[in-house]
Structure formats: structure tokens, C-alpha cells
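Chemist: Here are the chains, one letter per residue:
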Amino acid sequence: MDALIASLSILTVVVADYTRRVVRCSSKKVIASIFVVAICLSGVCSQEGNSRHVMGERVTHAALRAENEALRIENEALRRENQMLRRELVARKGGKAAASDGVPVKGNAVEVPVPQDPDTGYWISSKSHIRHNPKCRSYRKVRGRACGPNDGKPCKNCGG
Amino acid sequence: MRTWLVAFMVMLVACCVRGDVLFMTWNMKWFPSGRADLRSGDDEESATLTQAARIVAGAVADQTRRSSADIVMFAQEMRDAECCSNLVSAAGVKGLNVAAVSCFQDNSGVPLWQQVAIFTTLPVLRSGYAVWSNAEVSIPRGFAYALLDAGPNARIACFSIHLKSNFARDNTEFENQKNIHKREAAAAQILAVVRQLGEKYEDKKLQVVVGGDFNTNDDDLEYVSEATIRSFYGAHFRSCFRDLKKSQKITHPGTNGFPDATFDYILYRGFERIVSRKIYQGAPVSDHNLVTLRLR
Ligand SMILES: [Zn+2]
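Heads up: the protein sequence lines correspond to chains L and U, in order.
The first sequence begins at 1 in our numbering and counts up one residue at a time.
The second sequence begins at 161 in our numbering and counts up one residue at a time.
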């Protein structure tokens, strides 16, 4: 905006000089009147630069920024409220299945031995609880563990 | 004598000037079988391993072409420690080792095939894993962590995570809110550990990086009320995708009517600036892309 005012001032002096020479009237009068126009123009421009129309209403940038900040704060408050409601909802309605939570942090996980399953000749799927025998293509292929001959449900393909 | 002096000066400068660290995160989709709770044939799994190693090695080569960097990779949906070692060996990245692999189990004590891991070229001071611990609800899996030695008086605390998915058995709003709650609770647990570390290493420079599959984002309207990622921003973390447009951060390309999404993030704290960042296509190994972030 400062640059605009500076250019307008230079323009004013140039135009004033030209007008004085052509019209041969007092240079002071011309400069004064052009300055008034320039200042009015710069005022209008600066007003335009810092404002915009929202739904037909002229709103300044400062007002928009304040509104934006208020919305941001409101948003954060709503998010916190949501979080609290979720926690309450889950605690009331959700119930907690017996799980492996509460296990302390274990060090050097790379060294934790993976349990080796004994070869019992039966394999039970962890998800479906279906039992397979070594003739089945699911034997030791599905995630599960070695089991006894009567654990879970027998597989329809291999008989379990 | 002069040669020795120059060599000494070079070594001194090398010790004082810390290099960049290249962070990567990749959900590798039930690696190496690509199928939930099911092994594939040996040949098939071996082919997947080769393809995955090529993608990892390619990304590292691309990101370190101009100058070298230390490497930290966060991996998710790994079957076990063995497949992590196989991947690191096959990738053949100099100095890259397995720092941590989780061993999460189901209720009957059988290890899950969705473990999380950290691989790095940096010296490991401490590493391990923990399950999510919550009083109200059980949350699947947990996090793997590694405290890395990044030079004199500098430590990088790394966390590899795979937060609860959006899968809802009966597709109710309650299930949906429960999933969001599980992710928020997990984020709170990580931030509590970060606070403890901050107190413990008060005298040292502690940088923190959390990478993984968050199963949420800060763009889509369905997560607008969710605080998971925003709680990290509240703790002065920054996102690897800061200032990027939605189309520039697709980590989970859309399929079967589901739109493109950003689920995989690297959140960091205590670094000077982002040097580079790039997403590499994860297909055909995974439905998630590989995210890389080079930090200084
Ligand atoms: Zn069977």
C-alpha cells in the first residue's frame, strides 16, 4: 500500500507540472487539488485491500481473523467434549473384554523367544477354532496353535 | 604432521556436524503372505519378500543418492521377528538392523501376525514393545520403541504404531466412536511415554519420531472430531505432510469404492527441518504406500 501512495505522489507531481505548463494556472492550486484526489483514492484502495464482501456485507480482514480464531477455539472445545463423551460412552456401554492389557513394557523385543508349538498332530485356528490334521492344507498354515484331538470344532475337509 | 592435523580436523568436524536421518514407514499388509492369518506357499512368500526388499532398497537409494543419511524404518503388519530379519537381509542396506519387533498376542496367548517393528542403522540404546493399556476398553496391538544414539548428547526416541482400524462389526455409530476412542487412548499413551522420556533426558537433546499406520487423518470429515493426530500437534509434533494438498499425500490408494486416503504418518519433534519427503508405491506388496521423510 505504501508503494501505491508513493507512486501516486510521483504521478501527482508529474501531472501537476504538465497541467501548469498547458493550462498556465497556479501550480500550487493544481498540486493541492490533485493531492486531495490522490489521498482520497489511496484511502479507498487501502479500504478495499483490507476488506471483502461476505454475503453482500463488507467485512474487514481483522474481523475475519477474529472470527476465524473464535471458530478455532470453539472447534477445539467441541473436539475435547467429543473425546470426553466417547470415553464415557465406551466405559458405560462398551465393557472390557478380558485382554492382554496391563502387560509391562518389555525390553529388547528382538530377543523375546517365539513359543515353539509341539507336534501333537492337531492344529487349531485361533480365529475360527477349527481343528485340522496334517493331511489338511490348513494345518500349520492358519494362525493358531498345536492342540489335542478333541479341541475346537473338527474341520469339514480333513475331519480334524 | 600436517596431514595428521588435517585428518584430525576432518574427524572433529564429522563428529560435531550431525547428518540427516531418513525415516520411513510402511504398513506391509500381513507380510509376507499378504493374507490375514494365513501363510502362503514358500515360493509366493519368497517372491513377496524380494519385491518388498526391492521397494525398500530403492527408496533408500533414491533418498540417499546425493548424500548419505542414517536410516530408521517403521514397519507394520509383520508376521514375526523372523520375517523382519529376512526383509532387512534381503534389502541389503548397509548397516540396517532390526532394532525392535513386537510380539503381541491374542487372548489365548497365540502371537498375532500383525506385529510392528523398527529397523535402523543407528546404535540402539534401548528397545522393546508394549501393549496398549486402557482401563475402559481393550485396544488391539501396541507399540514398538527404540531409543537411538544419534551422536554426542543426542537421542532419538522412535515409536512404530498401528492404531485401531475403522472396521466396525455391526456398523453402528457406537462402534465407530469406540474405534476413535481406541486411537485417541493409544495416542495419549505414547504422549505419556514421551513426557516421561523428556523428564529422564532433560539434559540431553531428545528428538522424538512416531511413525506408522494411524488409520485416521486430519483432512477427512469423518475424523473431524477425532483428537488422535491433533493431540500430537498439541505436544509440538509436526507432520511429514505439513502444507501438502490432499492429492499429494495419498498413502492408501482407494479401492472397491473407498476413496484415496492418508493413513500413514511420520510425526516428529525436535528436528531443524524437512530435507525431503516422498511417497513410494507399495503395490504389489501392500495396499499401503511407503512414506519417507528425510529430517535434519
Ligand atoms: Zn482341515
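Keep in mind that the hints were calculated from the coordinates and are not lab data.
Check the hints yourself; a few may be wrong.
Stated by the list, open to error - Pairs of lysine to any residue residues, derived as SDA-like cross-links and limited to a Cα-Cα distance of at most 25 angstroms, are as follows:
| hint | chain 1 | residue 1 | chain 2 | residue 2 |
| --- | --- | --- | --- | --- |
| 1 | U | LYS365 | U | ASP380 |
| 2 | L | LYS141 | U | ARG390 |
| 3 | L | LYS141 | U | ASP420 |
To be verified - Anything over 12 angstroms on all C-beta distances counts as not near chain L; from chain U, calculated:
| hint | residue |
| --- | --- |
| 4 | LEU198 |
| 5 | SER228 |
| 6 | LEU272 |
| 7 | VAL297 |
| 8 | ASN313 |
| 9 | VAL384 |
| 10 | HIS396 |
| 11 | THR415 |
C-beta: ideal position from N, C-alpha, C; glycine also.
Chemist: Take a quick look at VAL384 of chain U and tell me if its Cβ sits farther than 12 angstroms from every Cβ on chain L, holds or violated.
Modeler: Given a closest Cβ separation of 8 angstroms, the condition is violated.
Chemist: Was LEU272 of chain U rightly flagged as not at the interface, with every chain L Cβ beyond 12 angstroms?
Modeler: violated, 8 angstroms
Chemist: Just double-check THR415 of chain U for me: nearest Cβ-Cβ distance to chain L has to come out over 12 angstroms.
Modeler: Holds, since 23 angstroms exceeds 12 angstroms.
Chemist: For the pair supplied as a hint, LYS141 of chain L and ARG390 of chain U, is the alpha-carbon distance within the 25 angstroms limit?
Modeler: violated, 40 angstroms
Chemist: Mind verifying the non-interface call on SER228 of chain U? Its CB should be farther than 12 angstroms from each CB in chain L.
Modeler: holds, 25 angstroms
Chemist: Does the claim that LEU198 of chain U lies off the interface hold, with its Cβ farther than 12 angstroms from every Cβ of chain L?
Modeler: Label violated. Min Cβ-Cβ 6 angstroms, cutoff 12 angstroms.
Chemist: Check whether the Cα positions of LYS365 of chain U and ASP380 of chain U lie no farther apart than 25 angstroms.
Modeler: Violated - the C-alpha atoms of ASP380 of chain U and LYS365 of chain U are around 35 angstroms apart, more than 25 angstroms.
Chemist: Would you check whether the claim that ASN313 of chain U is not at the interface survives, using Cβ distances to chain L and the 12 angstroms cut-off?
Modeler: About 23 angstroms separates ASN313 of chain U from the closest Cβ of chain L, which puts it past 12 angstroms; holds.
Chemist: For the pair supplied as a hint, LYS141 of chain L and ASP420 of chain U, is the alpha-carbon distance within the 25 angstroms limit?
Modeler: Since the Cα atoms of LYS141 of chain L and ASP420 of chain U sit roughly 32 angstroms apart, the hinted pair is violated (cutoff 25 angstroms).
Chemist: Quick one: work out the minimum CB distance from VAL297 of chain U to chain L and report holds if it exceeds 12 angstroms, violated otherwise.
Modeler: It is violated; VAL297 of chain U is separated from chain L by about 5 angstroms at its closest Cβ, not greater than 12 angstroms.
Chemist: Verify that the Cβ of HIS396 of chain U lies farther than 12 angstroms from every Cβ atom of chain L, and report whether the claim holds or is violated.
Modeler: Consistent with the label, HIS396 of chain U stays out of reach of chain L, its closest Cβ about 16 angstroms off (over 12 angstroms).
In terms of the numbered hints stated before, the structure departs from hints 1, 2, 3, 4, 6, 7 and 9, listed from lowest to highest.
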